[in-house]
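Student: Sequences listed follow chains A and B, in order.
Going by numbering that gives the first Met the number 0, the first residue of the first sequence is number 0, and it counts up by one from there.
Going by numbering that gives the first Met the number 0, the first residue of the second sequence is number 0, and it counts up by one from there.
Some clues are possibly wrong.
As the list makes no split between identical chains, a pair holds if one copy fits it or if it spans any two.
[As the list claims (entries may be wrong)] Distance condition first, Cα-Cα at most 20 angstroms in a straight line; then the derived SDA-like pairs of lysine to any residue:
hint, residue 1, residue 2
1, Lys-53, Thr-38
2, Lys-111, Glu-5
3, Lys-180, Ser-169
4, Lys-53, Gly-101
5, Lys-111, Glu-159
6, Lys-180, Tyr-167
7, Lys-53, Glu-16
8, Lys-180, Ala-166
9, Lys-180, Glu-159
10, Lys-111, Glu-6
11, Lys-180, Met-80
12, Lys-53, Leu-104
13, Lys-180, Arg-165
14, Lys-53, Asn-73
Hints were generated in silico from the structure; no laboratory data involved.
There are 2 protein chains.
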Amino acid sequence: MRFELEEAIAVLARTPEALRAMLAGVPAGWARGDEGSGTWSPYAVIGHLIHGEKTDWIPRARIILEQGPARPFNPFDREAMLREPQDRSLEALLDEFERRRGESLATLRRWKLTPAHLARRGTHPALGSVTLAQLLAAWVVHDLDHVTQVARVMAKQYTEAVGPWRAYLSVLDDRPEPGAKS
Amino acid sequence: MRFELEEAIAVLARTPEALRAMLAGVPAGWARGDEGSGTWSPYAVIGHLIHGEKTDWIPRARIILEQGPARPFNPFDREAMLREPQDRSLEALLDEFERRRGESLATLRRWKLTPAHLARRGTHPALGSVTLAQLLAAWVVHDLDHVTQVARVMAKQYTEAVGPWRAYLSVLDDRPEPGAKS
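Same shape as in the complex, but just chain A:
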């Protein structure tokens, strides 16, 4: 599919609700379980997504629009959430993510981006020259990557419980990952 701003927004707007449906009120084993040392729980993923709203996607878009390619993006700290207190409830994190995502999309709509805007270029600190459209498409895929991660991490809590079905449920063999880079 070609990138279309409205189609991208349609997916970005759904992510908080999808994660809320998967996670709000689930027993702690599902929310805090991970895939082993160095990997993230669903709780950590929501914290990471909140940091993305604060420091990654819209701030980078703003750099492209206001400063252009001469000003590289700040590197994104993917693990910032791991250094925060872990005592906030998962529901509080889901609320904050939904609120911040709503603000991000309101900003995006307020910009009334044209095809010329979407073709503007910025400089990723590692990936080099990218367009605004590529940044926004990466935001969508990054969301979906973390949805797969949450579902995979939850599934793995039952790796032993499924017994012989393990041979049929390939998600249980998917590699553990700390989460997509941006």
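Keeping the supplied structure of chain A fixed, place chain B upon it in accordance with the hints.
Tutor: What follows is chain B alone, placed relative to chain A:
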């Protein structure tokens, strides 16, 4: 995690809402796109889940409870949905899945399963001897496997659109799969 009936139900009950949040009303490219020849779109996944409610999970549990291991489960037709008319709306499929899942969980609760029930055995046509607890755990993991699939298939529609970010978004390199077996 050990299998706990109430914790399993907590996840099974969420799947229709999670998939609705991800898919209801999305543009057709997201709903009907797949990962290439022989793979499933999100639309196909919802059809598959409906067939699972009708002929797979609760019917197999009933065989264990009423007939025991002497009566093997019927093989499950994973691709039944591909031979049906494809003109029902995705929203109609999401509604049907939600309704049937609600009925399935009502049946499950009505059985008031004890640990002794959960230890009862049945015979999978390929995997051999399994317990009722393993069947119910596999149902949970099967749901989550398909949630990962829906998010992965959606993400892949933007494989080109993300440009240089492709190197960072590992979900785009995850293998295509027609869907978990049961």
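Student: Compare the structure with each hint and give your call.
Tutor: Hints versus structure:
Neither within a single protomer nor between protomers do Lys-53 and Thr-38 lie at most 20 angstroms apart by alpha-carbon distance, with minima of 22 angstroms and 36 angstroms respectively. Taking the closest pair of Cα atoms, Lys-111 and Glu-5 come within 20 angstroms of each other only inside a single copy of the chain (11 angstroms); across copies the shortest separation is 47 angstroms, beyond that limit. Proximity of Lys-180 to Ser-169 under the C-alpha cut-off of 20 angstroms is restricted to the inter-copy arrangement: shortest distance 9 angstroms between copies versus 24 angstroms within a copy. In this assembly of identical chains, Lys-53 and Gly-101 lie within 20 angstroms of each other by CA distance solely inside one copy; the values are 12 angstroms within and 38 angstroms between copies.
Taking the shortest Cα distances, Lys-111 and Glu-159 never come within 20 angstroms of each other, neither inside one copy (50 angstroms) nor across copies (24 angstroms). When the C-alpha separation of Lys-180 and Tyr-167 is checked against a cutoff of 20 angstroms, the pair qualifies only between copies, where the shortest distance is 5 angstroms, while the shortest distance within a copy is 29 angstroms. When the C-alpha separation of Lys-53 and Glu-16 is checked against a cutoff of 20 angstroms, the pair qualifies only within one copy, where the shortest distance is 19 angstroms, while the shortest distance between copies is 27 angstroms. Taking the shortest alpha-carbon separations for Lys-180 and Ala-166, only the inter-copy value of 9 angstroms comes in at or below 20 angstroms, while the best intra-copy value is 30 angstroms.
Taking the shortest alpha-carbon separations for Lys-180 and Glu-159, only the inter-copy value of 17 angstroms comes in at or below 20 angstroms, while the best intra-copy value is 30 angstroms. For the homomeric pair Lys-111 and Glu-6, the shortest alpha-carbon distance inside one copy (14 angstroms) is at most 20 angstroms, but the shortest distance between copies (45 angstroms) is not. In the homo-oligomer, the alpha carbons of Lys-180 and Met-80 lie at most 20 angstroms apart inside one protomer (14 angstroms), although the nearest pairing across protomers, at 36 angstroms, exceeds that limit. For the homomeric pair Lys-53 and Leu-104, the shortest alpha-carbon distance inside one copy (12 angstroms) is at most 20 angstroms, but the shortest distance between copies (40 angstroms) is not.
Taking CA atoms no more than 20 angstroms apart as the test, Lys-180 paired with Arg-165 passes between copies only; the shortest distance there is 10 angstroms, against 29 angstroms inside one copy. Proximity of Lys-53 to Asn-73 under the C-alpha cut-off of 20 angstroms is restricted to the intra-copy arrangement: shortest distance 12 angstroms within a copy versus 51 angstroms between copies.
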